[in-house]
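**Student:** Please work from the sequences and hints to get the whole structure.
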Amino acid sequence: MATKASRSSARLMISPAVILLLGWMIIPLSMTIYFSFLRYNLLQPGSTPFAGWENYYWFFTDPSFSAAMVNTLVLVTGVLTITTIGGICFALLLDRPMFGQGIIRIMVIAPFFVMPTVSGLVWKNMFMNPVNGIFGRIAGALGMQPVDFFGQIPMASIILIVSWMWLPFATLILLTALQSLDQEQLEAAEMDGASWPNRFWFIMLPHMARAITVVILIQTIFLLSIFAEILVTTNGGPGVATTNLTYLIYVSSLLQYDVGIGSAGGVVAIILANIVAFFLMRMIGKNLDA
Amino acid sequence: MGHISLSQVTKSFGDVNVIPPLDLEINEGEFVVFVGPSGCGKSTLLRLIAGLEDITSGHIAIDGQDATDVPPAKRGLAMVFQSYALYPHMSVRKNIAFPLRMAKLDKAEQDRKVEEAARVLNLTDYLDRRPGQLSGGQRQRVAIGRAIVREPSAFLFDEPLSNLDAALRVNMRLEISELHKQLATTMVYVTHDQVEAMTMADKIVVLRAGNIEQVGSPLELYRKPQNKFVAGFIGSPKMNFLTGKTAAAHGADTIGIRPEHLEVSRESGDWKGIVGVSEHLGSDTFFHVPVADSEAPLTVRVSGEVDLRRGEEIFVSPQLEHLHRFDAQGRAIG
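Protein sequences appear in the order of chains A and B.
So for the first sequence, the working numbering puts the first residue at 1; every next one is plus one.
So for the second sequence, the working numbering puts the first residue at 1; every next one is plus one.
No wet-lab data here; the hints were simulated from the structure.
Note that beta-carbon positions come from the ideal geometry of N, C-alpha and C, so glycine has one too.
Misleading hints may appear alongside valid ones.
[Stated by the list, open to error] Here are some, though not all, of the chain B residues that point toward chain A, as calculated from beta-carbon distances under 7 Å:
no.: 1; residue: Pro72
no.: 2; residue: Ala73
no.: 3; residue: Met79
no.: 4; residue: Phe81
no.: 5; residue: Ser83
no.: 6; residue: His89
no.: 7; residue: Phe98
no.: 8; residue: Met102
no.: 9; residue: Ala103
[What the hints assert, rightly or not] Have a look at the derived ranges for each label pair, beta carbon to beta carbon:
no.: 10; chain 1: A; residue 1: Ser180; chain 2: B; residue 2: Arg129; range: 15 to 25 Å
no.: 11; chain 1: B; residue 1: Arg129; chain 2: A; residue 2: Leu20; range: 41 to 51 Å
no.: 12; chain 1: A; residue 1: Asp95; chain 2: B; residue 2: Arg101; range: 19 to 29 Å
no.: 13; chain 1: B; residue 1: Gly132; chain 2: A; residue 2: Asp148; range: 50 to 60 Å
no.: 14; chain 1: B; residue 1: Glu115; chain 2: A; residue 2: Ser180; range: 44 to 54 Å
no.: 15; chain 1: B; residue 1: Arg101; chain 2: A; residue 2: Ile109; range: 36 to 46 Å
no.: 16; chain 1: B; residue 1: Val70; chain 2: A; residue 2: Phe135; range: 42 to 52 Å
no.: 17; chain 1: A; residue 1: Pro97; chain 2: B; residue 2: Gly330; range: 33 to 43 Å
no.: 18; chain 1: B; residue 1: Gly304; chain 2: A; residue 2: Asn198; range: 51 to 61 Å
no.: 19; chain 1: A; residue 1: Gly100; chain 2: B; residue 2: Ser38; range: 26 to 36 Å
no.: 20; chain 1: A; residue 1: Pro63; chain 2: B; residue 2: Arg101; range: 49 to 59 Å
[Said to hold, decoys possible] Negatives, chain A to chain B, calculated, CB over 10 Å:
no.: 21; residue: Leu20
no.: 22; residue: Gly86
no.: 23; residue: Cys89
no.: 24; residue: Arg96
no.: 25; residue: Val122
no.: 26; residue: Phe135
no.: 27; residue: Ile173
no.: 28; residue: Thr220
no.: 29; residue: Leu280
**Tutor:** So this is what it looks like as structure tokens:
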């Protein structure tokens with residue numbers, strides 16, 4: 001695109017797509033912001049007077065709000081830790097030549113293709129159910145008290161389910177990164193007297209740093225909005241033990257019929273997600289430049 | 001330090017036998033070059049010595065100690081790879097210091113050795129750069145630096161110059177030779193380039209399909225090749241081969257004569273031919289002359305500028321004292 005004419009025509013030609021995408025984002029966003037300033041309750045149809053900052057006030061002072069913030073944080077960091085460390089381990093294992101490599105790789109990646117609601121229900125009914133679930137049966141067979149997963153350790157259970165779904169994603173990305181490592185570098189390190197842990201720490205891990213960054217960034221964005229797994233398993237409970245920000249917004253707007261407060265929560269979530277994204281980019285974004 | 005001995009070493013990858021039983025002695029302080037066409041097993045042989053591949057049978061001894069089952073790091077050898085294999089996320093300083101760090105030397109000692117190696121290799125100004133910011137020749141020197149600091153009993157080079165351009169290759173060739181003189185450490189060097197082999201080696205090992213065809217000093221190989229393969233591989237341009245009646249006249253199945261050992265005359269000579277393509281290099285001129293009983297046109301080297309035109313009829317005569325005679329199996333006669 002050397003000349004002025006070709007540059008302006010290029011702008012003209014990409015403008016429909018840009019305008020469409022911009023509208024796609026701007027219109028729902030501005031509607032959410034607009035609703036968040038209205039007293040808009042579905043039980044009082046017809047009247048939606050301007051409410052000022054009232055919705056925000058009620059959202060922040062909701063007793064569930066601080067719990068939802070903490071839960072969101074615990075959920076995201078828990079899943080990130082498990083999937084990143086687990087993903088590195090799986091990638092290291094799958095990188096070794098072995099019998100039936102192709103099939104094993106497909107099986108490892110399979111959970112990623114299961115829908116969140118389906119995997120949530122499968123875990124809830126077939127694994128974690130204290131009476132019929134496999135874990136309950138195993139505990140019973142060993143003569144132990146079955147664990148009531150969603151009653152006793154609800155958040156850990158949700159983290160387990162979500163980690164199970166996202167582990168393949170991390171494994172896949174980290175495996176491709178590991179496979180792109182020059183074998184001669186590892187051989188050189190071996191000649192230099194580096195033991196396997198040293199080779200992992202000084203050669204493999206730095207090589208995977210960029211892939212790890214990508215995994216953390218992408219997963220954070222998706223994990224902030226986990227919803228289906230919570231809805232089909234715990235419904236945010238017991239109490240508010242597994243209510244995250246997304247679920248709280250759902251509760252406000254669709255269970256309490258208050259679109260105004262729900263919208264206010266949505267705006268808060270958008271702002272928080274952007275703050276997180278900003279810090280993440282600054283913290284680990286420099287890995288992407290190198 | 002630096003005596004390596006291989007006895008009855010073999011290597012197979014699955015059913016494919018890459019190295020048949022092979023014996024070789026590499027003496028202390030020698031510069032040994034493994035040379036051969038690609039796929040002849042020379043890199044595999046080097047990796048067997050390094051310990052990066054397990055040998056299928058036989059024994060390797062380093063400095064009199066059996067090293068067959070010793071892991072690479074414990075063999076006291078340092079290797080320079082074809083791709084240099086520098087650690088891209090570490091500075092040059094850290095790259096060179098890596099083996100010392102793995103050996104858990106104290107920091108001051110590490111620094112001293114790195115500075116020393118950098119001084120020898122003219123890398124002092126680049127110590128804080130990353131490998132990605134260096135030129136090919138500099139990367140090569142970093143790779144050598146990483147090998148030097150370990151003070152190994154022998155250096156192993158795996159085609160280290162093949163990624164460099166021609167001019168740089170000549171320089172690095174000299175630098176490596178110079179380094180060998182300075183350190184007086186055993187060096188084992190793998191290349192497919194016979195010029196590198198001829199210029200650098202104390203001892204050349206010519207390999208074909210895993211077999212050692214001949215071992216000797218560069219001039220020994222040049223003057224007395226034991227077979228047709230070595231004769232054709234060593235020397236540039238290649239030796240000319242003639243068969244049929246011409247060879248029979250000299251009592252051989254095939255005769256070989258190097259381009260520099262042919263005389264050209266317009267009037268008389270042994271073999272008649274017509275001048276084909278000529279290559280003028282200034283110092284030398286190479287003529288390609290098709291003659292009877294030779295598959296490829298004879299290459300004839302004449303010193304300086306010679307005025308011979310394409311299509312001219314000329315006579316070519318070999319210098320009989322430099323004629324090589326081979327029997328039907330390709331072995332040298334006499």
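**Student:** What hint numbers does the structure not satisfy?
**Tutor:** 14
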